[in-house]
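Protein sequences, first through last, are from chains A and B.
Here the first sequence is numbered in this note's numbering, starting from 1 and rising by one per residue.
Here the second sequence is numbered in this note's numbering, starting from 1 and rising by one per residue.
On the chain A side, residues computed to face chain B include the following (Cβ under 7 Å):
1. G29
2. Y30
3. V46
4. G49
5. T50
6. G53
7. R72
8. R73
9. K74
Simulated from the structure, these hints should not be mistaken for laboratory data.
Glycine residues also receive a C-beta, built at the ideal position from the N, C-alpha and C atoms.
Listed below, chain by chain, are the residues.
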Amino acid sequence: MAEKDITKFLPLSEATFYILLSLVEPLHGYGVMQKVESISDGTVSVGPGTLYGAFTTLEKEKLITMVKEEERRKSYVLTAKGRQVLAEQIRRMEIMNKIGQSILPKL
Amino acid sequence: MEGTIIRKRRFFFSWQDVEQEAWLAEMSHQGLHLYAPGSLGSFLFIQGPAREVAYRLDYNRDKPPDDYIQLIRDAGWEHLGLRSGWQYWRKEMRDGQIPELFTDPESKVQKYQRLFASYIASAPGVSVVYIIGAAMFKRFPGRHPSWLVILFISLFVAWIAYAAFNAIKIQMRINQLKQKKTL
Numbered sequence: 001m002a003e004k005d006i007t008k009f010l011p012l013s014e015a016t017f018y019i020l021l022s023l024v025e026p027l028h029g030y031g032v033m034q035k036v037e038s039i040s041d042g043t044v045s046v047g048p049g050t051l052y053g054a055f056t057t058l059e060k061e062k063l064i065t066m067v068k069e070e071e072r073r074k075s076y077v078l079t080a081k082g083r084q085v086l087a088e089q090i091r092r093m094e095i096m097n098k099i100g101q102s103i104l105p106k107l
Numbered sequence: 001m002e003g004t005i006i007r008k009r010r011f012f013f014s015w016q017d018v019e020q021e022a023w024l025a026e027m028s029h030q031g032l033h034l035y036a037p038g039s040l041g042s043f044l045f046i047q048g049p050a051r052e053v054a055y056r057l058d059y060n061r062d063k064p065p066d067d068y069i070q071l072i073r074d075a076g077w078e079h080l081g082l083r084s085g086w087q088y089w090r091k092e093m094r095d096g097q098i099p100e101l102f103t104d105p106e107s108k109v110q111k112y113q114r115l116f117a118s119y120i121a122s123a124p125g126v127s128v129v130y131i132i133g134a135a136m137f138k139r140f141p142g143r144h145p146s147w148l149v150i151l152f153i154s155l156f157v158a159w160i161a162y163a164a165f166n167a168i169k170i171q172m173r174i175n176q177l178k179q180k181k182t183l
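All chains should be built: construct the whole structure from the sequences, respecting the hints.
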């Protein structure tokens with residue numbers, strides 16, 4: 001039951017994956033945009049309109065929660081459920097990466 | 001002259017946000033920078049040196065939350081104004097990179113869905129006007145010249161055709177954005 005609850009979110013989109021990664025610590029919206037850009041080596045950028053929508057969805061699904069609101073800026077952090085989802089995504093990516101690397105020379 | 005405000009008129013359908021954005025960027029390229037969207041489809045520009053900027057339009061029927069506007073400002077966008085639900089934003093281009101408010105097709109689709117929903121929401125209001133009008137004609141027959149009845153019906157038919165045309169165009173934009181498939 002709990003397992004199914006988590007896997008229904010997988011696989012995460014690239015943008016959502018990086019948004020969740022950046023929320024291991026509390027961060028406000030623009031902080032998330034900057035962090036996504038830096039940890040993805042500039043390969044992923046999330047626009048503010050898209051990020052706001054993602055926050056709304058992720059909060060509704062209880063993967064993130066609001067921890068602070070000051071000067072019209074909301075800060076969010078991962079919930080326990082959000083951490084589980086992210087950990088499961090990373091575990092799956094590890095498997096895919098391992099098998100992928102072994103096949104790569106044959107391509 | 002620099003600093004002079006110039007009013008220009010140009011017609012765009014409500015779903016032609018991309019066309020408006022391109023036109024406004026081209027105006028800035030020529031040294032005319034949007035100052036604010038004006039009334040009746042006009043645009044107020046302020047003259048200055050040519051700039052390479054991107055304009056983006058966002059649609060919200062109701063006033064968007066303060067933290068939403070704040071987040072877009074934090075991301076470096078300049079808020080230029082609001083006209084019939086459309087928010088006008090501008091940001092400087094850096095290293096040839098085009099800045100975006102929406103970076104995935106899903107959130108772009110949602111914007112057009114908000115626009116579509118506002119069309120649907122306006123339908124009951126127009127229907128009520130029609131029903132009241134029709135009831136008046138029926139109640140007081142012969143008191144109205146026939147041209148008035150014809151005008152009334154024509155306006156209503158024209159409105160339906162216009163709304164249907166817009167609704168179809170918005171739906172076409174949505175379908176175009178949804179073309180990217182996950183394998």
